[in-house]
Amino acid sequence: MNKLLLSTALCLAVMSAPTIAQDAVSACLITKTDTNPFFVKMREGAEAKAAELGITLKSYAGKIDGDHETQVAAIETCIADGAKGILITASDTSAIAQSVKQARDAGLLVIALDTPLTPADAADATFATDNFLAGELIGKWAAGKLGAEAANAKIAMLDLAISQPTVDVLRDQGFLQGFGIELGDPDKWGDETDPRIVGHDVTAGNEEGGRKAMENLLAKDPSINVVYTINEPAAAGAYEALKSIGREADVLIVSVDGGCPGVANVKDGVIGATSQQYPLQMAALGVEAIKAWADTGAKPAPTEGKAFFDTGVALVTDTAVDGVESIDSVKGAELCWG
Amino acid sequence: MSEHEVDATIVARDAVAVFDHQPRGLLSRVQHALHSTPALVPLIVLVLSIALFGSLLGSKFFSSFALTLILQQVAIVGIVGAAQSLVILTAGIDLSVGAIMVLSSVIMGQFTFRYGLPPAVAIGIGLMVGTFVGFINGWLIARIKLPPFIVTLGVWQIALASNFLYSGNETIRAQEIETQAPLLQFFGRSISIGGAVFTYGVIFFVLLVLLLAYVLRHTAWGRHVYAVGDDPDAAELSGVNTKRILISVYMLSGLICAFAGWALIGRIGSVSPTSGQSANIESITAVVIGGISLFGGRGSILGMLFGALIVGVFSLGLRLLGADAQWTYLLIGALIIAAVAVDQWIRKVSV
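Which chain is which? The protein sequence lines are A and B, in order. Just so we're aligned, residue -7 is where the first sequence starts under the numbering used here, counting upward by one. Just so we're aligned, residue 1150 is where the second sequence starts under the numbering used here, counting upward by one.
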């Protein structure tokens, strides 16, 4: 009898083992590339949290920024793999929406990290920096730094891409609002009529593009004295352009990202102020949300008063301006990524 | 002697073979002039576009500052375009030029900062790596007889992936380079004459094109490059070692791209692995607008210089006019098609 019981128990144990394995929660992280330090940091954050919670995490990435075909293939792989949820930083916020719907229909929780989808509710939730606020902070800082001179500022806007990605628009418009410039359509850059804006140009978010865009706008108006940049590599490129005509000391450059080279550039006075975002945090919170979804079926709720879950932003500068909360470059360097 | 006879005597002194040409009417004369001077079409387009934007924008565009700025903006693409020209003259194509450029620049930077080598040594290694990648291209094309498009498509991806994997996509900042290895930024230095600013990169670009123009026209190697591109079988039969010529062309292309990588550090100050992503397409654009035939064996490298400048003039001119950047792409696209159409039309003269 005992033998029978024992063997039955053994059988059950053997039979249930694969069921337990199937029940182990698995999640996917899909980033734009796996070489950009921002996404490397994001993956580190997700992996650490997944290990802590006992979740199997599989990471996928596009080959280059803008490669949404590979991202679609990754979503399909995750559905086939029986994942509980997907964390995605979309390369193309609208093109990806159809595949995201497919995943949600299959019962997966989809969270957009860093970049909201178009429309934002195409994903179950968005965990991101408040990019508009990030822009607003540097806008307020620049206006505060100039004081009364802000009324006569000559502003160059160095954006990301012609396609006007959502992050690009949010940072750009946030900056203008923070600086005190009346926006046209807030979902679009380039339609403002304020004469203080010399022009917009695109940089592809790298040094090369930053330098060329800055040169173009300087040729348009050499008296530019405020430069908004989409990110810190573009800011470094813009600085080179200014340096080549000897104007690097009398132009304010502001940026967004808070990567370690960017924070070092704040310390060196290349960038006046930058808004720092926290990719590690985005990913870790995202993994936690998938765990909660798998355990209880609860979806993450957005931050109060916002359409997304805010993972925080801080202004990094060594010349603080009254009324704009900031941290210095030493603190920024402790928190930086990349 | 009639004018035509003088013409023929001059040609006979310089050329190995001469086609007796009987001009018939103005159009035919124009066609002949364009055929014998391939850089003429892009030069005319360049002058016209400068005149057009000059008249629309006035002194803002016609200033020596703006005009030399265009040179600075096209220098990198132009240097890469010189490499591309050599390859296209052999009826090949090099899709890996931008990747070789950025890989070389990353190696120059990382060898200096990661391994602490003297910048001069790191630059030397970067130049060697560029040449070596070019050798792989040339060897696969000449010895294994793979099509250039396929080989360089593959090497493009391999070089770019190596670049990202090796660098971890980390940028080396301009400030560090400036204090510890200013030699890396050599091509970013400039001399200014009046309001005109010439960076060393620009000077290098122009000298390189002039040197290559001389070499292609007046040395045996140069004539062989044309011969291989025009008809490899005929070249082989006439005793040209086509394989060696092809390998040497791709190696030289790799070396020039590595120099472009060095010049790139000068231009952007830092070493950034994300640079140069579209340099292959931009260089092909400059070559095609410059009137070098994609079918090989025809065109002059000076044309490429003008081709690159045309793109630069249009880009800056349209931006100064406040046009959406899409218009630049649209017009450049139209120019590419027009350039190939003109090339085909000129070719009819030899039929």
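A few of these clues could be false.
To give an idea of the interface, some chain B residues facing chain A are shown, with a C-beta separation under 8 Å as derived from the structure [stated by the list, open to error]:
hint, residue
1, S1339
2, S1387
3, T1391
4, L1469
5, G1471
Simulated from the structure, these hints should not be mistaken for lab results. In this text the structure is predicted, and so the values were computed from the model without any measurement. The C-beta atom is built at its ideal place from N, Cα and C for all residues, glycine as well.
Hints and how they fare:
1. Annotation: interface hint on B:S1339 holds; nearest CB of chain A at approximately 7 Å, less than 8 Å.
2. Interface hint status for B:S1387: violated, as the beta-carbon distance to the closest one in chain A is roughly 44 Å, over 8 Å.
3. Evaluation of the B:T1391 hint against chain A yields a violated restraint, the C-beta minimum of about 35 Å exceeding 8 Å.
4. Below 8 Å, beta-carbon pairs count as interface contacts, and B:L1469 has one with chain A at about 6 Å; its hint therefore holds.
5. For B:G1471, the interface hint holds, since its Cβ comes within 8 Å of a Cβ in chain A; the closest pair sits about 7 Å apart.
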